[in-house]
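Can you build the whole structure from these sequences, using the hints too?
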Amino acid sequence: MDSDEPTALSRRQLLAASGGAIAATSLTTISPLMANTTMTKKPVQITQVRNATLVVEYANTKFLIDPLFAAQGAFPGFAGSASSQLANPLVPLPIAQEQLIAVDAVIVTHLHEDHWDAAASAALPKDMPLFAQNEEDADKIRNEGFTDVRVLTQQSQFNGIGLCKTGGQHGTDATLDVIPLGEVCGVVFSHPQYATLYIAGDTIWNDHVQTAIDSHQPDAIVLNIGNAVFMGYDPIIMGLEDAVAVHRAAPNAILIASHMEAINHCILSRQTLYDYAKANGFDTRLLIPADGETVSV
-15 MDSDEPTALS RRQLLAASGG AIAATSLTTI SPLMANTTMT KKPVQITQVR
35 NATLVVEYAN TKFLIDPLFA AQGAFPGFAG SASSQLANPL VPLPIAQEQL
85 IAVDAVIVTH LHEDHWDAAA SAALPKDMPL FAQNEEDADK IRNEGFTDVR
135 VLTQQSQFNG IGLCKTGGQH GTDATLDVIP LGEVCGVVFS HPQYATLYIA
185 GDTIWNDHVQ TAIDSHQPDA IVLNIGNAVF MGYDPIIMGL EDAVAVHRAA
235 PNAILIASHM EAINHCILSR QTLYDYAKAN GFDTRLLIPA DGETVSV
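Using the numbering used here, read the sequence shown as starting at -15 and increasing by one per residue.
Source of the hints: derived by calculation from the structure; they are not laboratory data.
For each residue, glycine too, the CB sits at the ideal point set by N, CA and C.
Hints are supplied without guarantee of correctness; some may be wrong.
Said to hold, decoys possible - Derived pair list, reagent style BS3-like, types lysine-lysine, alpha-carbon separation capped at 30 angstroms:
1. Lys46 - Lys110
2. Lys46 - Lys124
3. Lys25 - Lys262
4. Lys110 - Lys262
5. Lys26 - Lys46
Unchecked claim - What follows is a list of derived Cβ distance ranges for each label pair:
6. Ala80 - Gly129: 20 to 26 angstroms
7. Asp191 - Glu82: 36 to 42 angstroms
8. Thr24 - Arg134: 29 to 35 angstroms
9. Thr131 - Pro235: 40 to 46 angstroms
10. Arg232 - Thr278: 37 to 43 angstroms
11. Gly166 - Thr45: 25 to 31 angstroms
Structure representation (structure tokens):
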């Protein structure tokens, strides 16, 4: 990450930088941006923990998404990637592990170390219901001692909540030809009484994302948008142009930025994303929570 890139900004710093205009970080300003414009759907709470780790409170059920519990600097930067000399994670965990594991279920979109690490595996109760993207990942997690591992499908349910697996691609074809990053997925949360939430996962903008938007018409979309790069190759997750593409495909949806400023190869800062969104006219549809912050959609 360039030395002149801003570090993670607090809610107060972001509000000050924008004259109080960033609805992305002020819970008191969320209501005018509610995606479910009929006002008949109940809201969903999303806590941005760190990197792609989220706590989603949906229909009286708590889900932990892609847990990364490692201490700051616990493992090396990814070889060949931007700022690989930096140890990961770049920032500390903002919420105690004891609080994070007090959930009803866990969803792991894929098994890269910054989405499922040894510290999370050790901390989580082994009988916790856990959804994996495929049988291969499920078997690996079972081998770590977990006894209730389920494979996410397009028809999965938990506590009456629909959990639909969506596709994704962890980089361009050219990048994946050289750096085989494997299969990834996203997930759509649905319930008749609640806003539909789409977590896109580690993907770039592509037909998978367009299909998920067309099929589910989500009220809110979480984007892993740190613009992670390996040197000499196209980004492996979303960046600025991907955000515009998603906004154009789902102009009424609230976008929520995640996977930022926590891992060495994520070079897009929160401030740069906000400035770009404002310049391109979708800042009022974008939330950029700080680590540890909860937003409502």
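Going down the list of hints, with the structure as the test:
1. Lys46 - Lys110: 17 angstroms, holds
2. Lys46 - Lys124: Status holds; Cα separation ~24 angstroms.
3. Lys25 - Lys262: Cα-Cα ~28 angstroms, so holds.
4. Lys110 - Lys262: It is violated: about 44 angstroms lies between the C-alpha atoms, which goes past 30 angstroms.
5. Lys26 - Lys46: Roughly 15 angstroms between the alpha carbons, so the hint for Lys26 and Lys46 holds.
6. Ala80 - Gly129: 20 to 26 angstroms: Taking Cβ atoms as reference, Ala80 and Gly129 lie about 22 angstroms apart, which means the hint holds.
7. Asp191 - Glu82: 36 to 42 angstroms: Roughly 41 angstroms apart at Cβ, these two residues keep to the hinted range, so it holds.
8. Thr24 - Arg134: 29 to 35 angstroms: 31 angstroms, holds
9. Thr131 - Pro235: 40 to 46 angstroms: 44 angstroms, holds
10. Arg232 - Thr278: 37 to 43 angstroms: 28 angstroms, violated
11. Gly166 - Thr45: 25 to 31 angstroms: 29 angstroms, holds
In this structure, the earlier hints numbered 4 and 10 are contradicted, and the remaining ones agree with it.
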